[in-house]
Amino acid sequence: MSQRSPRIALLAAALSCAFAAHAAGPSAAFADVAAHLQAPPPDARPMMRWWWFGPAVAKPELEREILAMKAGGIGGFEIQPVYPMELDDAARGIHNVPYLSPEFLDAVGFANRTGRANGLRVDMTLASGWPYGGPHVTVDEAAARLRQAVVDVPAGASSFALPAVMSGEKLVATFIGADVDPAALRPLSATAGADGRAPVAPANGPRKVVAYIASRTGQQVKRAALGAEGFVLDHLSRKAIDHHLATVAEPLMKAFGDAPPYAVFSDSLEVYSTDWTDDFVAEFRKRRGYDIVPHLPAVFTGQGPDAAAVRHDWALTQTELVEERYLMPIDAWAKRHGTRFRSQTYGEPAVSLSSNRLVALPEGEGPQFREFSFTRLATSAGHLYGRPVISAETWTWLHSPAFAATPLDMKAEADRMLLEGVNQFVGHGWPYTPPGTLEPGYAFYAAAVFNDHNPWWNVMPDVTGYLTRMSWLMRQGEPANQVAVLLPNDDVYAALVPGKVSLSAEMHKYVTPALTAQILDAGQNLDYIDAQAILALGVRHPVLVMPHVTRLAPDVIDRLADYVRGGGKIVAVGGAPALAPGYRDAARISASVAAKAKALFASPNVRVVADDNAVGAALQAVLVPDMKLSAQASDVGFVRRRLRDADVYFIANTSNRPVHAEASFAAVRKAAAWIDPDSGRMTAATLPARLDLAPYESRVLVLADALPAAPAPAPVAATTEMADLGHGWNLKFPGRAQAVRLDALRSWTDIDATRYFSGVATYDKEVELTAAQLKSRRIVLDFGPGTPLASTPKVPAGMRAMYESPVREAAQVVVNGRRAGAVWHPPYALDVTAFLRPGRNRIEVQVGNLALNALAGHALPDYRLLWARYGQRFVPQDTALIAPQPAGLLGPVRLLGEGGQ
Numbered sequence: 001m002s003q004r005s006p007r008i009a010l011l012a013a014a015l016s017c018a019f020a021a022h023a024a025g026p027s028a029a030f031a032d033v034a035a036h037l038q039a040p041p042p043d044a045r046p047m048m049r050w051w052w053f054g055p056a057v058a059k060p061e062l063e064r065e066i067l068a069m070k071a072g073g074i075g076g077f078e079i080q081p082v083y084p085m086e087l088d089d090a091a092r093g094i095h096n097v098p099y100l101s102p103e104f105l106d107a108v109g110f111a112n113r114t115g116r117a118n119g120l121r122v123d124m125t126l127a128s129g130w131p132y133g134g135p136h137v138t139v140d141e142a143a144a145r146l147r148q149a150v151v152d153v154p155a156g157a158s159s160f161a162l163p164a165v166m167s168g169e170k171l172v173a174t175f176i177g178a179d180v181d182p183a184a185l186r187p188l189s190a191t192a193g194a195d196g197r198a199p200v201a202p203a204n205g206p207r208k209v210v211a212y213i214a215s216r217t218g219q220q221v222k223r224a225a226l227g228a229e230g231f232v233l234d235h236l237s238r239k240a241i242d243h244h245l246a247t248v249a250e251p252l253m254k255a256f257g258d259a260p261p262y263a264v265f266s267d268s269l270e271v272y273s274t275d276w277t278d279d280f281v282a283e284f285r286k287r288r289g290y291d292i293v294p295h296l297p298a299v300f301t302g303q304g305p306d307a308a309a310v311r312h313d314w315a316l317t318q319t320e321l322v323e324e325r326y327l328m329p330i331d332a333w334a335k336r337h338g339t340r341f342r343s344q345t346y347g348e349p350a351v352s353l354s355s356n357r358l359v360a361l362p363e364g365e366g367p368q369f370r371e372f373s374f375t376r377l378a379t380s381a382g383h384l385y386g387r388p389v390i391s392a393e394t395w396t397w398l399h400s401p402a403f404a405a406t407p408l409d410m411k412a413e414a415d416r417m418l419l420e421g422v423n424q425f426v427g428h429g430w431p432y433t434p435p436g437t438l439e440p441g442y443a444f445y446a447a448a449v450f451n452d453h454n455p456w457w458n459v460m461p462d463v464t465g466y467l468t469r470m471s472w473l474m475r476q477g478e479p480a481n482q483v484a485v486l487l488p489n490d491d492v493y494a495a496l497v498p499g500k501v502s503l504s505a506e507m508h509k510y511v512t513p514a515l516t517a518q519i520l521d522a523g524q525n526l527d528y529i530d531a532q533a534i535l536a537l538g539v540r541h542p543v544l545v546m547p548h549v550t551r552l553a554p555d556v557i558d559r560l561a562d563y564v565r566g567g568g569k570i571v572a573v574g575g576a577p578a579l580a581p582g583y584r585d586a587a588r589i590s591a592s593v594a595a596k597a598k599a600l601f602a603s604p605n606v607r608v609v610a611d612d613n614a615v616g617a618a619l620q621a622v623l624v625p626d627m628k629l630s631a632q633a634s635d636v637g638f639v640r641r642r643l644r645d646a647d648v649y650f651i652a653n654t655s656n657r658p659v660h661a662e663a664s665f666a667a668v669r670k671a672a673a674w675i676d677p678d679s680g681r682m683t684a685a686t687l688p689a690r691l692d693l694a695p696y697e698s699r700v701l702v703l704a705d706a707l708p709a710a711p712a713p714a715p716v717a718a719t720t721e722m723a724d725l726g727h728g729w730n731l732k733f734p735g736r737a738q739a740v741r742l743d744a745l746r747s748w749t750d751i752d753a754t755r756y757f758s759g760v761a762t763y764d765k766e767v768e769l770t771a772a773q774l775k776s777r778r779i780v781l782d783f784g785p786g787t788p789l790a791s792t793p794k795v796p797a798g799m800r801a802m803y804e805s806p807v808r809e810a811a812q813v814v815v816n817g818r819r820a821g822a823v824w825h826p827p828y829a830l831d832v833t834a835f836l837r838p839g840r841n842r843i844e845v846q847v848g849n850l851a852l853n854a855l856a857g858h859a860l861p862d863y864r865l866l867w868a869r870y871g872q873r874f875v876p877q878d879t880a881l882i883a884p885q886p887a888g889l890l891g892p893v894r895l896l897g898e899g900g901q
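The letter at position 224 of the sequence shown is residue 224 when you use our numbering, and the numbering goes up by one with no holes.
Calculated directly from the structure, the hints in this document are not laboratory data. Heads up, a few of these hints could be off.
[What the hints assert, rightly or not] Here are the simulated lysine to aspartate or glutamate pairs, DMTMM-like style, with alpha carbons at most 20 Å apart:
| id | residue 1 | residue 2 |
| --- | --- | --- |
| 1 | Lys775 | Asp705 |
| 2 | Lys628 | Asp692 |
| 3 | Lys208 | Asp179 |
| 4 | Lys765 | Asp782 |
| 5 | Lys254 | Asp106 |
| 6 | Lys670 | Asp278 |
| 7 | Lys765 | Asp724 |
| 8 | Lys170 | Asp291 |
| 9 | Lys670 | Asp705 |
| 10 | Lys732 | Asp764 |
Generate coordinates for the entire structure from the input sequences, incorporating the hints supplied.
This is the structure in structure tokens:
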């Protein structure tokens, strides 16, 4: 391994100290929080995954895009080299260079220096595409699996054709019997002769030979850049990991010089079908205390009384190996190089919630707020193990196809992430686009686009301002979820099968949507916890929910008994555990589990319910709702942060319908205030709070021992229409000499000349107001309510806001030459009181629509020759859905006065 400068070593040590101090530090006081509400620190700004296609990037465009990110309020980028998008074209400066070539590494160094010079965070993926792998991975270091081959042996046969064992493979064991049922099989020592056949004693009836071969999955790196193609590496092999770090990671770090990336990144573990490694038999025996080879038929068939217990041990061993040989070495390597390891720790191999304790920066993915979620895995681990900043890959597949996603779509998904505990967004993503590319430019095959080729970019600083403020606010103090859900890892291990060994993929069968909804609708939010965390940390939540847990180690039950004796409450679904987790000494351990569980469940602090649908009532019997709504509880989510002297509630309407409810809260403080998420301004609040939320609207409530003076909210007053602004606008498109006079508002797509226009067009109108009209307490420019979608339109993947906006898609508003604000989410209204004057007032509305309309107006790229040259590394998704979407102001637009002077 190359030597790093003393500065890097010192930086690594400083980072370790900073992590420890941050995790152990006291909660902030709200006065400190209030001082930064309107201008939160820049380290909370959202980041972008920056796709470098080819890689074929040029420094002038890299610099331009970095400056655009900065201008849009984006706080950093993660460099991710992926597949080529075009063949080399000297006239346009497109030159695909190999991954890790000097030209590529020079571009990495330039991007790092330029990003840092502009105050942006720079992260680096330690690979191209995902999972880790490439041309340096030999077949002997490729992702491994155990395969079963069955050979029919006819009656009377004295030999059989032994299954072929190819490069990278090894015969582990053979068995023979009348059937593949483990009870019918016995071990067979089989060696093939020169003819490829192995001798066998003849028998009167037909038989089957079952061979188990240590093999390779054959998986190739997904979406690899030029020169990064190859096998996915064996994530259970330390040799393979060390080889990758030396071959790929070290050259990348050299490109960063003495300014290492803020973090190095590992994407979701999608090592499909892996379940083995070369020394698995020896490692299993060392860890589990018995030989797995005689049990391989049971692992594969699931038949026999011990199959589930052996499968448990087989899968658990894989978790231990991926932790020790993948997560721990990379995290240690990152620290030695003065950076941090950011990891999406879920998928295959079977990492667990507690595996996240081994990485500096856990990251989630997925907005599934009301069901089992990979994102909540990461945030729960962060809450348990003291990781205060928890990121999420956000907007993956948002409103497919590419360029269909809107700022409202972004908010709808981001709010769900916040509700799950995320406080750092990593947008998915930003495609590098060479100059001269036909608009709207490049797009990653399976993602939305969030760069400045979107016309609605005119409100991106407003969008990122909201995301930054909420991310920063959700880092303050400590997490305060009151309910923990025990992930029954041992039960899931026992149910896993060869070729699909993933805790996270199967956990939804235990942590069901019904269970999650019961907890949320009972007025609580939740974290996950697993047995390993209980042993290490205990249970800190007031209530623990155990969903259909049947396998649990006795020492875990002992910790739960301590928890209950200390006042903790347990709600168990289905009954008490009664089985040992694994195979060895299972009868004795199962008897201990049953006895200890019986004693535990005799406590009055333990309640047993029959099914998931009874959990909510049980929770309400033992725990005051953290937030209780008088109506529409399933539409509204919340997450609470606890400070020394305050409680901060982020509250979001996750539905496409307005919410009108009264809200009460478990936290008891002396004062209350609302925080406007878009501006950070505070207004006084009264309790119980009246909650009136537009579709997808969010608010923040602070309950504190003392609060700075805040203006009282305007009382609800009668609203009068001061002016109907639904007609008489001048509409000016860029590059067109004449403005269009609109007698009525309509979509740009209804005008033949602008059907495929994507850009920003300006509406201009004058309105006369009298001094008497201006005496209204508040004057609002209202763009209309929008329309909830009654049914889900075709969205092949991901999510979208189920709402048709009256402003398609976002607008900046200028009144009498002064910027009044932006509209990009409900309610589509702006307070313009301070901008109006008696007499003539000029209103400008600068509307940006979707880039999708321009895309729909021209032929899509033909990738035939590209794929002929490089292979088909991607297929653009959902192109059949590309069509012009409504654009502009759709109305009704009104000027409304609220109350008198």
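Now for the hints, and whether the structure bears them out:
Taken as a hint, the Lys775 and Asp705 pair is broken in the structure, with Cα atoms around 37 Å apart against an allowance of 20 Å. Restraint check for Lys628 and Asp692: satisfied, since their Cα atoms lie roughly 14 Å apart, inside the 20 Å limit. A threshold of 20 Å between alpha carbons decides the hint, and for Lys208 with Asp179 the separation of about 6 Å falls inside it, so the pair holds. Between Lys765 and Asp782 the CA atoms are separated by roughly 15 Å; this keeps the pair inside 20 Å, and the hint holds.
With a C-alpha separation of about 10 Å, the suggested pairing of Lys254 with Asp106 holds against the 20 Å cut-off. With a CA separation close to 63 Å, the supplied pair Lys670 and Asp278 exceeds the 20 Å bound. Taking the CA atoms of Lys765 and Asp724, the gap is about 12 Å. The hint holds against a cut of 20 Å. Taken as a hint, the Lys170 and Asp291 pair is honoured in the structure, with Cα atoms around 18 Å apart against an allowance of 20 Å.
Taking the CA atoms of Lys670 and Asp705, the gap is near 5 Å; set against the 20 Å cutoff, the hint holds. For the proposed pair Lys732 and Asp764, the alpha carbon gap of about 8 Å is at most 20 Å, so the pair holds.
Violated hints for the displayed structure, listed by number in ascending order: 1, 6.
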